[in-house]
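The lines below spell out each chain.
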Amino acid sequence: MKKEYKLLQGNEACVEGALMAGVSFFGGYPITPSTEIAESLASRLPLTGGKFIQMEDEIGSIAAVLGASLTGAKAMTATSGPGFSLMQELIGFACITEIPCVIVNVQRLGPSTGGPTSPAQGDMLQARWGTHGDHNLIALCPTSIEETFYHTIKCFNLAEEYMVPVILLMDEVIGHMRERIKIPDQKELMIINRQQPSMPPEEYLPYRADERGVAVLANFGKGYRYHVTGLIHDETGFPTNDPKETSKLIRRINYKIENAKDKLLDFQKDNTEDAELIIFAYGSTARSALRSAHEAREQGMKVGTFIPKTIWPFPEKAIFELAEKVKTIMVCEMNLGQLVYEVERAVKGKARVELLSKASGELITPKDIMKKVVEVYN
Amino acid sequence: MESRQKNRYEIRLAGMGGQGLILAGIILAEAATIFDGKNAVQSQSYGPESRGGASRAEVIISPEDVEIDYPKVTTPDMLLVMSREAMERYGHELKPDGIIIIDSTYVHKPEKATGKIISIPVTELTKEKFGKTIVANIVALGIIVEITGIVSKDSLEKAVIKRVPRGTEELNKSALELGYFLAREKMNTIN
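Protein chains in written order, with our numbering: chain A, 1 to 378; chain B, 1001 to 1191.
Bear in mind the hints are in silico, worked out from the structure with no lab data behind them.
Check the hints yourself; a few may be wrong.
[To be verified] Here are a few chain A residues that sit away from chain B, every Cβ distance over 12 angstroms (derived from the structure):
hint, residue
1, 5
2, 20
3, 178
4, 284
5, 362
[To be verified] Some chain A residues judged to face chain B by a derived CB distance under 7 angstroms, without partners named:
hint, residue
6, 3
7, 177
8, 179
9, 182
10, 214
11, 218
12, 288
13, 290
14, 291
Glycine included, C-beta positions come from ideal geometry on N, C-alpha and C.
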């Protein structure tokens, strides 16, 4: 049967993606501009046998999500800056205990209460470094409604595959705008479910990682008893002070992501072959960048675009390769400069790095970008 | 029309929170995508208040196979203004051959406007006919579509029925008819 288009908001597409991936638990505290995700899942989840719970705040929300996930549920929450800040401590807990979960952050202007209805991309570094200590996680950033749908599914897949929190970094523009989308049948999609131990309970060690360095956590309630703690732990899951075990754990939870980098990275390069200048942009800003690059080409300027879809881990190798070929990489972001530091680090001085930043609660326009392109092209 | 305009028709609906402009934008975009088979992007800008603050909805309509990159309106082809503040803020931002539809219930002196000005007391006439102003947004949609033909009337009606509360279908259909009528009447007096 020919699929028909739907007109969906980014937040609605996120819900469709989550349901397609098999979400069975949502714990959250509604906050603009992510509210439609909670609203919609509150009515949809009970129909699929799932659970929706509105908690007292965002700390309770992420705690409920992690508890649900330990029982084997595909669990998620959705929030914005203020709530994302409150969740940071337990994101670290999820990293060290290797509890998979999906956290959607529909970014608004911050800091603090900031601009609830205004778009921003101010939580890009917080997503990576908001919680303390050496940890690693995955963050994706969609540029359209269709991509929001597919990225949400990917977030669940990656969380379950790598036993790690995965963050979907949307922004108010992507969350609230509406575009057409054809929702595929579930059987056309790859859905990854959590691996379970193959040995009997008496031989089971929860943190004896597989060959990829990923823990195999049995769903609670299935006869496998084990201990879960935010303290440094050994393979049994119980706390340890042993320096060797400490180093082993810290390295493992970091390198299981680092080592999978090539598989995790996703980016879009357009017209980079002969480009003199590359516009680096992500999320809704990428849409303006595509338009500007097109206009610049019409005016005879060799401009290409690099749009990272995986933000963390960061695609530094791909950027270094570009830097060797182009004169300038121009970073456009709705903040005072965040991923520009990562780009500078990746470029290693091989190209000039310029920044176009905007933190007025408005989307960067193609006009803003063109002005800067003309300024820095030569 | 130039090729670029044909590939990207930009509509801005500007007024106050509570006038149903965001809903009107969604209806227009659904008429274009779901029922007319075109491509469209709809977005909005609004304040933290649910009523009274400035509110703006935008719709960009393209042919089916044309991707829409930048999702916001830069210079509209069609502008609807339903408040004095919206008039002051957006009245001068229009394509040279653009159309501006002004609800003269709120905006009496459109001195700053450019483009082709069509002034109709939409809200006042809605109240006169239906005894309430709640469907003024639907009346405005009727006016827009009668004048621009940007979506078919059939698709517009289907999109309205899809979005309005059950039991209000007839009221909303009548609101569309009023919009078509007001637009035709106005065009006749202009021509």
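Here is how each hint holds up against the structure:
no., hint, verdict
1, 5, "violated, 5 angstroms"
2, 20, "holds, 20 angstroms"
3, 178, "violated, 4 angstroms"
4, 284, "violated, 7 angstroms"
5, 362, "violated, 9 angstroms"
6, 3, "violated, 12 angstroms"
7, 177, "holds, 4 angstroms"
8, 179, "holds, 5 angstroms"
9, 182, "violated, 11 angstroms"
10, 214, "violated, 38 angstroms"
11, 218, "violated, 45 angstroms"
12, 288, "holds, 5 angstroms"
13, 290, "holds, 4 angstroms"
14, 291, "holds, 4 angstroms"
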